[in-house]
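Protein chains: 2
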Amino acid sequence: MNGFYERTTKDSINIDPLQTGGKLSEEARRALMEWGDGYSVCDFCPGTLDKIKTPPIYEFVYEELPRFLGSDVARVTNGAREGKFAIMHGIAAGCEKKTIVMDANAHYSSYVAAERAGLNIILVPNSGYPEYRIDPEGYSEIIDTRDDVVLALITYPDGNYGNLPDVRKIAKICRKKGVPLLLNAAYAIGRMPVKMRELKADFIVGSGHKSMASAGPVGVMGMREEFAEPILRKSKKYPAKEVELIGCTARGVTIMTLIASFPYVQERIKRWGEEVEKARYFSKRMEDFGMLQLGEKPHNHDLMFFESEILYNISKKAKGGRFFLYRELKKRKIHGIKPGLTRYFKLSTYGLKEEEVEYVINSFEEIVSQYTETA
Amino acid sequence: MNGFYERTTKDSINIDPLQTGGKLSEEARRALMEWGDGYSVCDFCPGTLDKIKTPPIYEFVYEELPRFLGSDVARVTNGAREGKFAIMHGIAAGCEKKTIVMDANAHYSSYVAAERAGLNIILVPNSGYPEYRIDPEGYSEIIDTRDDVVLALITYPDGNYGNLPDVRKIAKICRKKGVPLLLNAAYAIGRMPVKMRELKADFIVGSGHKSMASAGPVGVMGMREEFAEPILRKSKKYPAKEVELIGCTARGVTIMTLIASFPYVQERIKRWGEEVEKARYFSKRMEDFGMLQLGEKPHNHDLMFFESEILYNISKKAKGGRFFLYRELKKRKIHGIKPGLTRYFKLSTYGLKEEEVEYVINSFEEIVSQYTETA
Chain C
1052 MNGFYERTTK
1062 DSINIDPLQT
1072 GGKLSEEARR
1082 ALMEWGDGYS
1092 VCDFCPGTLD
1102 KIKTPPIYEF
1112 VYEELPRFLG
1122 SDVARVTNGA
1132 REGKFAIMHG
1142 IAAGCEKKTI
1152 VMDANAHYSS
1162 YVAAERAGLN
1172 IILVPNSGYP
1182 EYRIDPEGYS
1192 EIIDTRDDVV
1202 LALITYPDGN
1212 YGNLPDVRKI
1222 AKICRKKGVP
1232 LLLNAAYAIG
1242 RMPVKMRELK
1252 ADFIVGSGHK
1262 SMASAGPVGV
1272 MGMREEFAEP
1282 ILRKSKKYPA
1292 KEVELIGCTA
1302 RGVTIMTLIA
1312 SFPYVQERIK
1322 RWGEEVEKAR
1332 YFSKRMEDFG
1342 MLQLGEKPHN
1352 HDLMFFESEI
1362 LYNISKKAKG
1372 GRFFLYRELK
1382 KRKIHGIKPG
1392 LTRYFKLSTY
1402 GLKEEEVEYV
1412 INSFEEIVSQ
1422 YTETA
Chain G
1052 MNGFYERTTK
1062 DSINIDPLQT
1072 GGKLSEEARR
1082 ALMEWGDGYS
1092 VCDFCPGTLD
1102 KIKTPPIYEF
1112 VYEELPRFLG
1122 SDVARVTNGA
1132 REGKFAIMHG
1142 IAAGCEKKTI
1152 VMDANAHYSS
1162 YVAAERAGLN
1172 IILVPNSGYP
1182 EYRIDPEGYS
1192 EIIDTRDDVV
1202 LALITYPDGN
1212 YGNLPDVRKI
1222 AKICRKKGVP
1232 LLLNAAYAIG
1242 RMPVKMRELK
1252 ADFIVGSGHK
1262 SMASAGPVGV
1272 MGMREEFAEP
1282 ILRKSKKYPA
1292 KEVELIGCTA
1302 RGVTIMTLIA
1312 SFPYVQERIK
1322 RWGEEVEKAR
1332 YFSKRMEDFG
1342 MLQLGEKPHN
1352 HDLMFFESEI
1362 LYNISKKAKG
1372 GRFFLYRELK
1382 KRKIHGIKPG
1392 LTRYFKLSTY
1402 GLKEEEVEYV
1412 INSFEEIVSQ
1422 YTETA
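In order, the protein sequences belong to chains C and G.
Residue numbers for the first sequence follow this note's numbering, so the first one is 1052 and each next one is one higher.
Residue numbers for the second sequence follow this note's numbering, so the first one is 1052 and each next one is one higher.
It cannot be assumed that every hint is accurate.
Cross-link-like lysine to any residue pairs, in silico, SDA-like; alpha carbons within 20 angstroms at most [claimed, not checked]:
(1) C/Lys-1288 with G/Thr-1150
(2) G/Lys-1292 with C/Leu-1174
(3) C/Lys-1149 with G/Ser-1286
(4) G/Lys-1061 with C/Pro-1107
(5) G/Lys-1389 with C/Pro-1097
(6) C/Lys-1288 with G/Asn-1211
(7) C/Lys-1104 with G/Asn-1053
(8) G/Lys-1074 with C/Gly-1054
(9) G/Lys-1102 with C/Tyr-1159
(10) G/Lys-1381 with C/Cys-1096
(11) C/Lys-1104 with G/Pro-1390
(12) C/Lys-1149 with G/Lys-1288
(13) C/Lys-1285 with G/Gly-1169
(14) C/Lys-1102 with G/Gly-1391
(15) C/Lys-1389 with G/Gly-1098
(16) C/Lys-1061 with G/Met-1084
(17) C/Lys-1287 with G/Thr-1150
(18) G/Lys-1382 with C/Phe-1095
(19) G/Lys-1287 with C/Gly-1169
(20) G/Lys-1384 with C/Phe-1095
(21) C/Lys-1102 with G/Ile-1388
(22) C/Lys-1102 with G/Asn-1053
(23) C/Lys-1104 with G/Asp-1067
(24) C/Lys-1102 with G/Glu-1057
(25) G/Lys-1292 with C/Ile-1172
Covered stretches of chain C (in silico footprint by chain G; criterion: 3 or more residues with CB under 8 angstroms from a CB of chain G, positions within the stretch not fixed) [stated by the list, open to error]:
(26) 1072-1079
(27) 1102-1112
(28) 1122-1134
(29) 1157-1167
(30) 1266-1278
(31) 1281-1291
It is worth saying that the hints were derived from the structure and are not from the lab.
Just so it is clear, CB atoms sit at the ideal spot from N, CA and C, and this is done for glycine as well.
Extracted from the complex, chain C is given alone in its bound form (with noise of 0.2 angstroms):
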């Protein structure tokens, strides 16, 4: 091996939804280089990673965060992921009830997660074709009929249809029923304006390499002070140290790029409606030539799912088969979809100028119609 290798797709316009979010800002380059070194940031720790001063974790992390996410507490994870399986870990720990509900849309990570925690999972069905919605009555269903739940989840947008479930309703029901509810929020936040508090979630997970403009992996949590007692326990021996979070999580770089495109991100929230406008005007154009954008609509996110019969149809005749759609857009610089994806595939037009999104059309309409002439 030999130390150094390109990351070839970095002139491209890229749009896949992993990606568009987590694009580092101005200001988390210059961290980047500042702050790679190692466990840098722990030049500076008094004996908790959260409590440095200067830079200003402790800022940050007590202050800053528990606002942006309209919660009472917050901590910076290793990610959205490793936040869910925190709270489902610490939530269960001291609990008889082991049931999670969480919603068919929900990501692959929330199910390894409740897995890993040793939880009976129960998924709140979707509506299926075309919109995938989920009906927040699919909760009161599932818990109205058992008395081990322990926690419920909700995935806002969920990462395959980018839909927006009715949360507060679901919360309602939740309460009701003594259930708390966690907000798997990696699309969202940092993306879009969304307050735990408002939408009455107890428990709220964000990723900042998926849509915080963060060097990876790092995510934030958010809760109700009610709760961080079962999750922000402290070491018996070791009482500065929370057991959850192994004393320190994001201990480097990571923290840092977090926190310098933290004004970038909480700028760039506030033009989410020219966001929504965009995905709009895309999933509309892509349609008059065939695509067929699944999921809600009108759209409410820029994470969008496609079916496309044409491209499909392309497939099964065009040189190399399957592949033919990610050569194509390879050749006009465009990443994101995986290759051999052609029927259905997603996407996002988070971020992209406008002239990109008429490049984007333009290529996927100038494909269809070559592959469509020559056939």
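Got chain C; can you put chain G on it based on the hints?
Just chain G, lined up with the frame of chain C:
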């Protein structure tokens, strides 16, 4: 908050043991800029992070790393502590036995990880002042009297005294009793030659940001084949995803700096003999003017613990009290001894140039004589 914060210690000679092994190589610094964006490596993901062929994450995780660690199987984690927790949690999940035996010199994160895994913790005592050695027979005495020990852990070296215990002997005792042994080598892997197989341990963890010239947090974990099933068991619903890793761990720039520094790290461990000589020379010189090095002697690691009655006595009268040492070192651009410490402190000479070693020694000597003269 304004976004950018300077790392004010970056031009200092840093003798904090946390920092000396985590300083980025030139290759890692380039990787940092190239792969800084959020989920950068996921552009190339075929479904699981460690199956990425270009950049060669697969080759690193499945070929280079097990060879380097002397293990059958290896994985990249979010840090040594996260690796320890995954091992403890994974091995305890399918087992009635719930006690872990670890050395009294264990890092706090070993203890807290075991608390998180719900384990009952028993410590093997050290020999106390001045050497704080771990007697392998201590493991035998505890394991002999109990039938509920699921795992043993030994710290190699420990993070207080830099002692290197007799792992082979401990492993032999554990193997005889049927207890697997976890080697916490966070201060060894990447600094000095260490192979799990040769030391007869069953698990090994290391830290990228502590000792492998990587941005943090990131770590490595190795194990014998027979433990791959409990620790790396797959999700029932998502068969590509490993439950204890919640699918993926270092999904971003951290794994790329680890890989970028790997050739550099493999080279530098060949010079370990020189590092030990340097540490012994430093220890001797410090003792010449009244400091006392605790822990093993002659010393076998760059991490050293000093007792200094002289500095302590000075602190009782000096302006600024016990903070005088920090201030005096700072004035000389030496960082790494926590503010307020004078009587007991640890430091590391790892990677310091000859003239830097001399400069640090002379600075201590100068401070001592300066304050002794004025007194």
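Status of each hint after checking the structure:
1. Simply put, C/Lys-1288 and G/Thr-1150 have alpha-carbon atoms about 16 angstroms apart, close enough for the 20 angstroms limit, and the pair holds.
2. Simply put, G/Lys-1292 and C/Leu-1174 have alpha-carbon atoms about 19 angstroms apart, close enough for the 20 angstroms limit, and the pair holds.
3. For the given pair, C/Lys-1149 sits about 18 angstroms from G/Ser-1286 by alpha-carbon distance, which is consistent with the 20 angstroms threshold.
4. Simply put, G/Lys-1061 and C/Pro-1107 have alpha-carbon atoms about 17 angstroms apart, close enough for the 20 angstroms limit, and the pair holds.
5. In summary, the hint linking G/Lys-1389 to C/Pro-1097 is supported, as the alpha carbons are separated by about 8 angstroms, within the 20 angstroms threshold.
6. Taken as a hint, the C/Lys-1288 and G/Asn-1211 pair is honoured in the structure, with Cα atoms around 17 angstroms apart against an allowance of 20 angstroms.
7. With a CA separation close to 14 angstroms, the supplied pair C/Lys-1104 and G/Asn-1053 stays within the 20 angstroms bound.
8. A C-alpha spacing of about 16 angstroms is found between G/Lys-1074 and C/Gly-1054, which places the hinted pair at or below 20 angstroms, so the restraint holds.
9. Of the pairs offered as hints, the one joining G/Lys-1102 and C/Tyr-1159 holds, with about 17 angstroms between alpha carbons and a cut-off of 20 angstroms not exceeded.
10. Proximity of G/Lys-1381 to C/Cys-1096 is assessed by CA-CA distance (about 16 angstroms); at most 20 angstroms being required, the pair is judged to hold.
11. Using a Cα cut-off of 20 angstroms, the hinted pair C/Lys-1104 and G/Pro-1390 holds, with the two alpha carbons roughly 14 angstroms apart.
12. With a CA separation close to 18 angstroms, the supplied pair C/Lys-1149 and G/Lys-1288 stays within the 20 angstroms bound.
13. Under the criterion of a C-alpha separation no larger than 20 angstroms, the hint pairing C/Lys-1285 with G/Gly-1169 is consistent with the structure, at around 13 angstroms.
14. For the suggested pair C/Lys-1102 and G/Gly-1391, the alpha carbons sit about 17 angstroms apart, so the restraint of at most 20 angstroms is met.
15. Restraint check: the Cα-Cα separation between C/Lys-1389 and G/Gly-1098 comes to about 10 angstroms, which is no more than 20 angstroms; the hinted pair holds.
16. Restraint check: the Cα-Cα separation between C/Lys-1061 and G/Met-1084 comes to about 11 angstroms, which is no more than 20 angstroms; the hinted pair holds.
17. The straight-line distance between the Cα atoms of C/Lys-1287 and G/Thr-1150 is roughly 16 angstroms, inside the 20 angstroms bound, and the hint therefore holds.
18. Of the supplied pair hints, the one linking G/Lys-1382 and C/Phe-1095 holds, its CA atoms being roughly 17 angstroms apart against a limit of 20 angstroms.
19. Using a Cα cut-off of 20 angstroms, the hinted pair G/Lys-1287 and C/Gly-1169 holds, with the two alpha carbons roughly 12 angstroms apart.
20. A threshold of 20 angstroms between alpha carbons decides the hint, and for G/Lys-1384 with C/Phe-1095 the separation of about 15 angstroms falls inside it, so the pair holds.
21. This hinted pair checks out: C/Lys-1102 and G/Ile-1388 have alpha carbons roughly 18 angstroms apart, not beyond 20 angstroms.
22. The straight-line distance between the Cα atoms of C/Lys-1102 and G/Asn-1053 is roughly 19 angstroms, inside the 20 angstroms bound, and the hint therefore holds.
23. With a CA separation close to 19 angstroms, the supplied pair C/Lys-1104 and G/Asp-1067 stays within the 20 angstroms bound.
24. About 18 angstroms separates the Cα atoms of C/Lys-1102 and G/Glu-1057, which keeps this hinted pair within 20 angstroms; it holds.
25. With a C-alpha separation of about 17 angstroms, the suggested pairing of G/Lys-1292 with C/Ile-1172 holds against the 20 angstroms cut-off.
26. Against chain G, the segment 1072-1079 of chain C contributes 7 residues with a C-beta closer than 8 angstroms to a partner C-beta. That satisfies the three-residue criterion, and the hint holds.
27. A count of 5 residues in the segment 1102-1112 of chain C with a Cβ less than 8 angstroms from any Cβ of chain G is obtained; the coverage claim is therefore met, three being the minimum.
28. Evaluation of the coverage hint for the segment 1122-1134 of chain C: fulfilled, as 4 residues show C-beta separations to chain G shorter than 8 angstroms, against a requirement of three.
29. Remark: the segment 1157-1167 of chain C is confirmed as covered by chain G, as 7 of its residues place a Cβ nearer than 8 angstroms to a Cβ of that chain, reaching the required three.
30. With a threshold of 8 angstroms between beta carbons, the proposed coverage of the segment 1266-1278 of chain C by chain G holds, since 3 of its residues qualify and at least three are required.
31. With 4 residues having a beta carbon nearer than 8 angstroms to a beta carbon of chain G, the segment 1281-1291 of chain C meets the requirement of three or more and the stated coverage holds.
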